[in-house]
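Peer 1: In order, the protein sequence lines correspond to chains A and B.
Start counting the first sequence at 1; every next residue gets the next number (the working numbering).
Start counting the second sequence at 1; every next residue gets the next number (the working numbering).
Please note: incorrect hints may appear among the correct ones.
What the hints assert, rightly or not - With a straight-line Cα cutoff of 27 Å, these simulated BS3-like cross-link-like pairs (lysine-lysine) come out:
(1) B/99 x A/323
(2) A/17 x A/339
(3) A/284 x A/323
(4) A/339 x B/116
(5) A/63 x A/317
(6) B/99 x A/329
(7) A/208 x A/246
(8) A/329 x B/51
(9) A/317 x B/51
(10) A/246 x A/224
(11) A/247 x A/33
(12) B/51 x B/99
(13) A/346 x B/2
(14) B/116 x A/87
(15) B/116 x A/343
(16) A/17 x A/346
(17) A/87 x B/2
(18) B/116 x A/317
(19) A/239 x A/256
(20) A/33 x A/239
(21) A/63 x B/47
(22) A/346 x B/20
(23) A/339 x A/33
(24) A/63 x B/51
(25) A/256 x A/323
(26) A/34 x A/256
(27) A/63 x B/20
(28) A/323 x B/51
(29) A/220 x A/247
The set of hints was computed from the structure by calculation and includes no laboratory data.
Keep in mind the model is a prediction, meaning the values are calculated, not measured.
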Amino acid sequence: MVGIVGYGTHIPRSRIKVEEIAKVWGADAAAFKKGLNLNEKSVPAPDEDCATLSVNAARNAVKRAGIDPQDIGAVYVGSESHPYAVKPTGTIVSEALGACPYVHTADLEFACKAGTEGMYIALNLVKAGEMPYALAIGADTSQGAPGDALEYSAAAGAAAFIVGAEDLAAELVDTHCYMTDTPDFWRREHAHYPQHGGRFTGQPAYEKHVFGATNAILEKTNMKPEDFDYCIFHQPNGKFPVNAAKKLGFTEAQYKYGLLSPTLGNTYSGSSPMGLAATLDEAKPGELILLVSYGSGSGSDAFIFRATERLLEIRDKAPRVRKQLDEHKIYIEYGAYAKFRRKILKAD
Amino acid sequence: MKVPRHWRETPQRYRMEAGKCSKCGSIQFPGRVICPDCGATEMETVKLSGKGELASYTVIRVAPTGFTDLAPYAVGVVQLEEGMRVMGQVVDCDPDNLKIGDRLTTQFRRINEEGKTGMILYGFKFVPDLGL
Ligand SMILES: [Zn+2]
Numbered sequence: 001m002v003g004i005v006g007y008g009t010h011i012p013r014s015r016i017k018v019e020e021i022a023k024v025w026g027a028d029a030a031a032f033k034k035g036l037n038l039n040e041k042s043v044p045a046p047d048e049d050c051a052t053l054s055v056n057a058a059r060n061a062v063k064r065a066g067i068d069p070q071d072i073g074a075v076y077v078g079s080e081s082h083p084y085a086v087k088p089t090g091t092i093v094s095e096a097l098g099a100c101p102y103v104h105t106a107d108l109e110f111a112c113k114a115g116t117e118g119m120y121i122a123l124n125l126v127k128a129g130e131m132p133y134a135l136a137i138g139a140d141t142s143q144g145a146p147g148d149a150l151e152y153s154a155a156a157g158a159a160a161f162i163v164g165a166e167d168l169a170a171e172l173v174d175t176h177c178y179m180t181d182t183p184d185f186w187r188r189e190h191a192h193y194p195q196h197g198g199r200f201t202g203q204p205a206y207e208k209h210v211f212g213a214t215n216a217i218l219e220k221t222n223m224k225p226e227d228f229d230y231c232i233f234h235q236p237n238g239k240f241p242v243n244a245a246k247k248l249g250f251t252e253a254q255y256k257y258g259l260l261s262p263t264l265g266n267t268y269s270g271s272s273p274m275g276l277a278a279t280l281d282e283a284k285p286g287e288l289i290l291l292v293s294y295g296s297g298s299g300s301d302a303f304i305f306r307a308t309e310r311l312l313e314i315r316d317k318a319p320r321v322r323k324q325l326d327e328h329k330i331y332i333e334y335g336a337y338a339k340f341r342r343k344i345l346k347a348d
Numbered sequence: 001m002k003v004p005r006h007w008r009e010t011p012q013r014y015r016m017e018a019g020k021c022s023k024c025g026s027i028q029f030p031g032r033v034i035c036p037d038c039g040a041t042e043m044e045t046v047k048l049s050g051k052g053e054l055a056s057y058t059v060i061r062v063a064p065t066g067f068t069d070l071a072p073y074a075v076g077v078v079q080l081e082e083g084m085r086v087m088g089q090v091v092d093c094d095p096d097n098l099k100i101g102d103r104l105t106t107q108f109r110r111i112n113e114e115g116k117t118g119m120i121l122y123g124f125k126f127v128p129d130l131g132l
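Whole structure, please, built from the sequences with the hints as guidance.
Peer 2: Here is the structure:
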């Protein structure tokens, strides 16, 4: 049996409200809030990036796992905002954690799915008996083009999971993946902002893959939506995951703990993994959790976890997601946001 | 080219590694080859907690190259739980509201970058200890 031995998250303290962004572009804030179920999003400080978010989240995961970082055999960082085009984020993270030098690292990229991609690889490496522990991180400081719909949701945050084969806080029950070549969202080399297919990102992209992976894992395990205590679907906004849950036959009681996007935004590679972390903050021993990610391009990874007694022991060894999300927020205006996110052209 | 110097400082900047004298137990940060208290040369590596109290600070309003976008920001001298004092930037706070004695902890942050194409320097910075 393999599963999660420790988890941790990091959310930057700054927030910007939908009204503040809409004001600048002459957009209808009420329409965004109602239409996309978005109220505000996290904004990274000027000295935060994918590497720093990853390290701070991973340190919380190490605290919960209570392991020696030297025992971590692999470190995978999933992101679409790696700080360097060429130079791994994984080595920075491994060095900061004290996992070097006997460790395998790789940077993964698959739009919003890169975080669960790392989890999939980490779980299977441990299952194969290659290493006692592996670390998978989903972290992003995503950018939407100024004035684009994505600017209201592109947020920053990270979730880290240490997987192992003993002392599990959540056991892995099963996995299933679903991928096709779907051009709904991309960013070319040297392009600062991504492009997306507008409405095409909905049904033929997000729903097709999320539903495909969910139905496949339910069939594989011979389970029904009502067998689960919790579900987490990728959260590009507050609307898509709620609609997906309802169409698939899940209820608000199952998705409410994992649904963070209405006040967090979309943390891309960190999105559904942070929802899993928030659910682990609440789950009771024996309860079942369904996690389904989505990454444009496109694909979904589905996982089923079962919480154990140990989850109760490790939970309070690091800050909970809701604490990081709801407390000590710093609200900023668009000017500071544009400066923080380097949207202002300066003289060289 | 500051790359080799940055790289050499990785253990202290990334992990707050200090040197503890095997003979008298005094801790030096960053670590040293010879203990300044007893002259012994047997040092072991220990990791500092990064937690402590603000002992003194100044607010930088006219910042040097590479830090101008962060101004105004605070640089503090922090009395760590382990007993020694360490200097570092204090972020995620209004520098004008800092007080001597404030409880601080550390986070991993971007320190500086060598222009748009150079290396990015990372390390610890102090933040208010809010249990986040
Ligand atoms: Zn000594």
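Peer 1: Taking the earlier hints as the rules, which of them does this structure contradict?
Peer 2: 18, 22
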